[in-house]
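**Q** Letter by letter, the chains look like this.
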Amino acid sequence: MTVNIGPHHPATHGVLRLVVDLEGEVVQDLKPVIGYVHTGIEKSCEDKSYWKVIPFVERMDYVSYFFQMQAFCGAVERLIELEIPPRAKYLRTIFLELNRIHSHLVWLGTTALDLGAISMLWYCFRERDRILDLFEMATGQRMHTRYFQVGGVIEDIPLGFAEKLRSFVAEMPVRVEQYQALLDRNEVFLSRTKGTGIVSRERLLELGVTGPLLRAAGEPWDLRKAVDCLAYPEMEFKIPVGTVGDNYDRYRVRVAEMVESTRIIEQALEGLPEGPFIAEDRKYVLPPRSELSTSMESLIHHFKLVTEGYRVGPGETYYAIESPRGELGCFVLADGSAKPARVHFRDPSFVNLQAFRDMSTGEYIADMICSLGMLDPILGGVDR
Amino acid sequence: MPDAPGLELIRGEIESVHPGAVLDSGFEHGCAGLSIDPARVLAVLGWLRDAPGQGYRFLSSLHAADYLPAEPRFAVHYELLNRDRVERIRVKALLADPGEDALPEIESCCELFPTAEFQEREAFDFFGIVFKGHPDLTRILLPEDYVGWPQRRDFPVGGEPVTFTYNERNYG
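Chains A and B are the protein sequences, given in the same order.
With my numbering, the residue at position 184 of the first sequence is 184, and numbering never jumps.
With my numbering, the residue at position 153 of the second sequence is 537, and numbering never jumps.
Nothing false has been slipped in among the hints.
Once the Cα atoms are required to be at most 25 Å apart in a straight line, the calculated PhoX-like pairs of lysine-lysine come out as:
| id | chain 1 | residue 1 | chain 2 | residue 2 |
| --- | --- | --- | --- | --- |
| 1 | A | LYS238 | A | LYS225 |
| 2 | A | LYS304 | A | LYS283 |
| 3 | A | LYS339 | A | LYS304 |
| 4 | A | LYS339 | B | LYS476 |
| 5 | A | LYS194 | A | LYS238 |
| 6 | A | LYS31 | B | LYS516 |
Hints are computed from structural coordinates only; laboratory data are not their basis.
Looking at chain B on its own, in the form it has when it is part of the complex:
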């Protein structure tokens, strides 16, 4: 965990290289976090990975979350890890819901972190977040022909019709 001044230092350095990329930074329950502009995600992740003295080379987890009713609604979380100093930093890219049938979009980080391939597919599968530049962005856990994005907060639990019709037919 970088400490509070360390996190501000990181923020300042990113600001000097990529102005406007970091929207917010802060500590939460002992985890350092950066909230970034989704259009600049690759620049920030690449900087954290390659800039001297940073070395957040290991992407331990990539996952999405839905903050409904907050706006912007979706977020992609990148849990980066520096294994030498055992420091974790969370990079959070907030994505607005484009509305109608359009899907939120963000650049894929598969080139930087090949481990993201499955995890980005999972985020696409459950939240409908499109990762531009992903080599094979298809559903991974749900059936190919599934309609809907079930991990979104407005998708009801039990929204899946159960096709056991025996009781209905016989006992109506």
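Looking at chain A on its own, in the form it has when it is part of the complex:
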């Protein structure tokens, strides 16, 4: 029997359609059908100057928006060979890790909800709201903050932010323990997740799967450790890995990652260097507001930047970072004008979704729903 699931179904975590071949309750084959929220963001980016692309790309993967910004800004910074100041690196690291916790909280809440643990959603969204409060305090927006700029970040953190962040960081590991207390010995949760959705490590690598899914299968691959990026080389943290690669391991890896992220934030906050939060290069970075009334040159730079934008010399680059879902790569092709000739995102959800067939065939349809939650696709990122 062939069953159609979605595109509008709460268990598909977005607008995903699944065509599933069933024999009884067992999945024989399935095909994901995507593209329902394709909005042509990559094409639209070609019509915007570089600094106007930033809010656009944030709206692809709408749960990990800081990562989208970092991927794009990092790619452009590499093209124009602009070094960002140390304080900006640390601030970016703090916000990326906050965003990672935020993304994992959304994942944990909605996936546990799929498995019938309704209270998890409220607990996770309670903490998520505290993170959004922090984002709002520093950037003015709760989501899609446009906080990262080419060259650094748009503003320094406000007074009182560090204290608020510190109290959150102190509290978060306790909260994570509480989530684990609710789930780790829950008979229903264990029998739903243990031994389901197993895909071998070799197969995952063939399929290009990265992120927590790969680490749950025992492969300690994390771009934060592997490449020299932002303030990560100076941070001390562990890469949680699983052993079997089933849904339970995926859950454990992500939960452990939340705790590691709080450690990174703590260290970054302690070691936050003084100095400028954005590069001084006036050709790419807006001058501070105070200079506009005193310096003619600043006014000219400001005018040039907000009307035409800056030009990027011809070239192309691929810049990858570790997003909550795996390798998030941004390819930017510059043709020498003030607008990119091509912006392409290698979205981890899009690539990881290919493993879903392997995860689900031969298992019950109920386990398929569990596996989909543990896969954690964000359909905005899949469809772009």
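Start from chain A and add chain B according to the hints.
**A** The following block gives chain B in isolation, referenced to the frame of chain A:
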């Protein structure tokens, strides 16, 4: 990243096994890149994956680009990664526009890298690049009945007619 002599070494070794396959090599913004003959793409990718000492086993991204007005116009980029040495290399296959309604063609690398399946479909969907040997080369993000290749540079932004006719009808 292989360094500059390393990249030349790779180029030389490919040349000795597959003469004429590599057209150009070079560094750009710290990324090593090889430009190859599109007819030999599978040979080069297979060599980079399997030859001893290379081990670029992970295809992290496959995407297409349109270099209009340059000629050849299209390119398929393969971002390969060696996870042991954390080295990336970009393999770029430039494809000429065959003109008229014909579509540029290249061999599919799904056999070598199963991860390419979705990404090749995406490149086909937006650029009209045909990957020969792909198991299911259909549109992936756009509707099945869509006409045109919207990520090409000569496809206008806003070229899509909006079918909200209420205002036109009432306020003309």
